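Novice: For the record, the sequence lines run as chains A and B.
When you line the first sequence up against our numbering, it's residues 1 to 326, in that order.
When you line the second sequence up against our numbering, it's residues 1 to 326, in that order.
A portion of the hints provided could be inaccurate.
In this list, chains with the same sequence are indistinguishable; a pair is considered to hold if it fits within one copy or across any two.
Said to hold, decoys possible - Lysine-lysine pairs mimicking DSS-like chemistry, simulated, CA-CA at most 27 Å apart:
1. K238 <-> K85
2. K238 <-> K249
3. K220 <-> K249
No wet-lab data here; the hints were simulated from the structure.
Quick caveat: nothing in here was measured; it's all calculated off a predicted structure.
Number of protein chains: 2
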Amino acid sequence: MTDTHGNPESHSDSMEHEDLYPTRSDAGEIRPFGRYDPVVHARNQWRWDGPLGEEVLSRYERDGFLWFEGFFSRQRIQPFFEILKTMAADQELMASDGVITDPDSGDLRSVFAMHEVSDYFSELTRDPRILGMVRQLLGSDVYIHQSRINDKYGFHGSGFDWHSDFETWHAEDGMPRMRALSASLMLTDNNEFNGPLMLIPGSHHYFIPCGGDTPEGNWKDSLKAQRLGVPAQQWLRKLSTWGGIQAPKGRPGSLLLFECNTLHASNKNMSPWPRSNLFFVYNSVDNPLHDPFCGNSPRPEFLATRGQPGPLAMADDSHKPRASEL
Amino acid sequence: MTDTHGNPESHSDSMEHEDLYPTRSDAGEIRPFGRYDPVVHARNQWRWDGPLGEEVLSRYERDGFLWFEGFFSRQRIQPFFEILKTMAADQELMASDGVITDPDSGDLRSVFAMHEVSDYFSELTRDPRILGMVRQLLGSDVYIHQSRINDKYGFHGSGFDWHSDFETWHAEDGMPRMRALSASLMLTDNNEFNGPLMLIPGSHHYFIPCGGDTPEGNWKDSLKAQRLGVPAQQWLRKLSTWGGIQAPKGRPGSLLLFECNTLHASNKNMSPWPRSNLFFVYNSVDNPLHDPFCGNSPRPEFLATRGQPGPLAMADDSHKPRASEL
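With the rest of the complex left out, here is chain A:
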């Protein structure tokens, strides 16, 4: 039996609950191993149906990310800043758990569950151009596992150490398989000096178990600074020597798609130029969360959508400027 994207359907409960990617506690002693999951999940004919062509799919398989310079127009991005201003003025929202401040400066750092706070953001996550690519890469319908905006103010905004998102989502959210990806949309310029996202191409091919016990409520700390889930330096050294490091840079409206297991990090913003990026994490509807594999209680819903969420539907994409706007 295969589903509509050519993937074998598997519903054996025993298989689903097996921990294929052991990490945390003593798992730091386990050597890295190759991933069990494909990188591009749509197979055979389904893979070739597009929207991405084979040359781009192969690059995604090789590197673990794709960069689309100027994917959206500035015009399409501009309204978000107005919405952000409105949100920043909403004291109730700002006091909620989903709003994270910078450990050094106390400034606004992240707002989670953006797609539930704002219709405009929700619509963006369902933009046909993005959703089409995401469905192809994940080989199924998808839902939003997490959404957030990450802000780094000028001369503020500390960095984030190297990590795989999947390692955290597996351990702390119970995401069973590598069948998720992040879409990061640049709201500001990302340049050499304002702490752009750095990635290690090819690192997504390996799972690196990380040591250290996960305290209950670890997310309150981990959203401010990555401490657990940072691979041992010997593996970081090996992978970045093989694959190098890349930091995509470009203007507002640029889009980065990166696989859930691609190692990434960011440095401090040493410039006066703020860096503001939206992140939408898509997960396959065939990869719903189990209980966290680290054994803790699940993280709050604003960090990880639990249950069996319905598939995202495409949004209307008639975002052409009216003649009167020209």
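Keeping the supplied structure of chain A fixed, place chain B upon it in accordance with the hints.
Specialist: Okay, now just chain B, sitting in the frame of chain A:
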């Protein structure tokens, strides 16, 4: 009366002891002001005698630094690594005050007074190609105010916040005027990810008084992390918006000359690639140190050469590889 480089001789004691550049304590309340000192000190005919031509001198005046990609051959640089290894194995040296470790990792961060520890380094500070440019830029004979090697190990090596070296040397060493510069020689590749030096072009035209009392022995802390002497963000913002930020990058043997008052900083080394740079600070023999303007006792001699040091003499520059080495 002018000296051999066309500069007016001034030996009025009262003038020399005047604090032209007030900083620390309440001075943070004083607005930035234009520097009183020229950037290129050799004047008129002396300026035109070379070795640098007018187009390069003008760039140095405008930006406050000059970058020479591949100034020395790899062959010329290679022996330094052997010397460094020998030094690292010297336990007595490693335990001395002039050796500074990283606040985060405990790794070797800086070794000071390199030119006194090693003849090979001493000779390098007197290399005719470097010394010729330095004498022209400072308009006089020069001596070594400070020399050091700065190491950032892979995945270690924290950053340094924005500062002007002159601000520290004036406050804590009693350097009266802006008539010094640093020559930084790259011993490793400096790339986007291993924490290269960043500079704000044009920032050297202004002196930015910084607030905060200077504790006795501040250097023990300040060599690990820049806390005092960091300009207020409003001025950093203005200067970097005007001038932008540049981070010269290149292969081992590349040389950076930067004026003592040019604002610079560096970010963490997030890569596996070590970053190792030599710094030689040259000061004009006509700009000897006074008592520290912050009122503290002078810093140790390995940080700041005191008294009336004699001028550096050119070294023999016959560093051609022998035919047998080809």
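Novice: Taking the hints in turn, state whether each one holds.
Specialist: Here is how each hint holds up against the structure:
{"no.": "1", "hint": "K238 <-> K85", "verdict": "between (43 Å within a copy, 23 Å between copies)"}
{"no.": "2", "hint": "K238 <-> K249", "verdict": "both (24 Å within a copy, 23 Å between copies)"}
{"no.": "3", "hint": "K220 <-> K249", "verdict": "neither (30 Å within a copy, 38 Å between copies)"}
Hint 3 from the list above is the single one not met by this structure.
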